[in-house]
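Participant: This is what each chain is made of:
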Amino acid sequence: MPRLNLYQEEFYPSPIQNTWKEFKENHAALMSLYCVIFFIFVMIFGPLLAPFDPLQQHIEFLLVPPAWDNNGDISHLFGTDGLGRDMLSRIIYGCRMTFGISLVLVIISMLIGVSLGAMAGMSKGLRSSVVNHLLDSIMAIPTLLIAIIIIAIVGTGLVNSMWAISLALIPQFIHQTRDIVRQKMKKEYVLAAQLDGAGKVHIFFNSILPNMAEMLVVQVTLALSVAILDISALGFLNLGAQAPSPELGALLSEGLASAYVAPWNIAMPGAAIFLMMMSINLVGDGLRSALRYRLLR
Amino acid sequence: MLKIMLRHISLLTLTLLILSFFSFSLAYLFPGDPLVNLTGIRNSSEQGYALLAQQYAMQDSFISQYWQYVNHLFAGNWGLSFSSGLPLAEEISRSLAASVELSAYALIFSFVIGLPLGFLAGLRHHKFIDFSLLSASVIGYSIPVFWLALIAILIFSIQLGWFPLSGRISLLYDIPYQTGFILVDILLSDVPDKEFAFQDALQHLVLPSVSIAIVTCTIVLRITRRSVIEVMNSEYIQAAYARGLSPRQVFFAPWSKKRPYSYFAVIGDAIYYLADKRHDSGNYFFMAGYW
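Those protein sequence lines, which keep their order, are chains A and B.
Mapping of the first sequence onto numbering that gives the first Met the number 0: residues 0 to 296, in sequence order.
Mapping of the second sequence onto numbering that gives the first Met the number 0: residues 0 to 290, in sequence order.
Calculated from the structure, these hints are not laboratory results.
Being a predicted model, the structure only gives us computed values, none of them experimental.
Cβ coordinates follow ideal geometry from the N, Cα and C atoms, glycine included.
Keep in mind that the hints are not guaranteed to be accurate.
[Unchecked claim] Label-pair ranges, simulated between beta-carbon atoms:
no.	chain 1	residue 1	chain 2	residue 2	range
1	A	Asn-205	B	Ile-3	36 to 42 angstroms
2	A	Leu-274	B	Leu-186	43 to 49 angstroms
3	A	Val-260	B	Ile-17	47 to 53 angstroms
4	B	Met-0	A	Asn-205	41 to 47 angstroms
[Stated by the list, open to error] Straight-line distance between alpha carbons at most 27 angstroms, and here's what the computed DSS-like set of lysine-lysine pairs gives:
no.	chain 1	residue 1	chain 2	residue 2
5	A	Lys-199	A	Lys-185
6	A	Lys-185	B	Lys-2
7	A	Lys-123	A	Lys-185
8	A	Lys-199	A	Lys-183
9	A	Lys-23	B	Lys-126
10	A	Lys-183	A	Lys-123
11	A	Lys-186	A	Lys-199
12	A	Lys-183	A	Lys-20
13	B	Lys-126	A	Lys-20
14	A	Lys-199	A	Lys-123
15	A	Lys-186	A	Lys-123
16	A	Lys-123	B	Lys-2
Put together the whole structure using the sequences plus the hints.
Facilitator: Now the structure itself:
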């Protein structure tokens, strides 16, 4: 039975609906959201979309330019590299690797960082001050440098670079979470929960976490673009993913060998990284301003 | 004021202490012999090894080893480089000057361009010019700088031939090493064609500094814009508008003691955020070494 709805103005949109309404107004952010969804689609269904195997070498098609060039061939849309591997399939697999790995890394470091940050934010006195000082000194090192130091200790390779980047991303999450938890601990609804006798864990999961979820999403988009940049930079410096594997940074550094005769081999993977980072940054920006202005209109 | 300074100085020393301890423990974490990792001296004779071990107090406890390590650090004895075998302090001072020079020009570029554009965007908040500058800044913010550098080389050095491919100066000029900053070195030296050498060095600097500056410029722009918007929304600005002052008067008139301070605060904010690693601009300067 439909609910009798006499007074339309009685309907109050939820905070998430408000955010979405504000986010929709920003066309660039909306477009880049579709772009991110497209990348996620490519990430999941990449093997079905790619025309060739990324490692298959077509001996008769060496260094073929992209299809829109006069010498191009339509069977290889983005051209081929020096070993005759199809660039389009390599980029599809590369997006899959770079984007998927960054997503996994960001989720792992978010889980660890948020739990540590919550502990740091809710504790007081000496313990919190020790944690803060340690954190400040770690935050003083650029993430890429931390990653390179860790790789120097454990050796090069994709898995090692994944460890390194997730370790390097954690401090940002700790910092952000700690600040928000500090802020929220002073709110009256937390005091009310405390007066009801709720424990720290209960307060965190039931009072603070729902209120910081949106800030976390923004932080995740920031960390995602950092992770993509770091993974591809490490691949580019030959410290991360190694040569035959189709990772976008490794593709770039492989294309460097034939950059003079085949500039598309560095232009295409770089453009893929650029598009990925731009769409994620735009979504993050749009989300942030939507959160800021959603209650003003 | 004094209290804040003291607090920050203690924080700085503590941070440096932790960092130095971390870098000392790296000698144990890296593969290989810790003493070799610390000094960088490979294949030394047995006597030499024993002498070194005594110098670095390898037999003693971890803490006295660390103390010796710090002493060596302060004495300027940083060990040898694994890759070239030269003393590390010299090696670093040589390449550091080149990196610092490049970063400094990139930073100057990005402030000269980014600050006025940031003010413009902030003052025209939510107008056409603000949106176009903001979207341009997102594009600049998202470009991976190592790729941008490659594309710039491909287009401007190889296709168009406007700028040289690599290096800091043409091999024709032999500039004696003095400060490590190439432009300063040229001015201090007494080579015959000073102006031409200077122009040549400038040409070598343009591409790398501009491609780094594009990225940092967008960061400066965004931060400046944000802070300007915050200042313009504050109550004393609203009060000034309410008194009937024109935007130009509000912006330039020094009638309020607070105004110049807040402009400085905006610039300070920008520098602070650039140095702050959360925004990861350090990575871009770090990349400068790979040019």
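Participant: Hint by hint, where does the structure go against what was stated? Just the numbers, ascending.
Facilitator: Result: no hint breaks.
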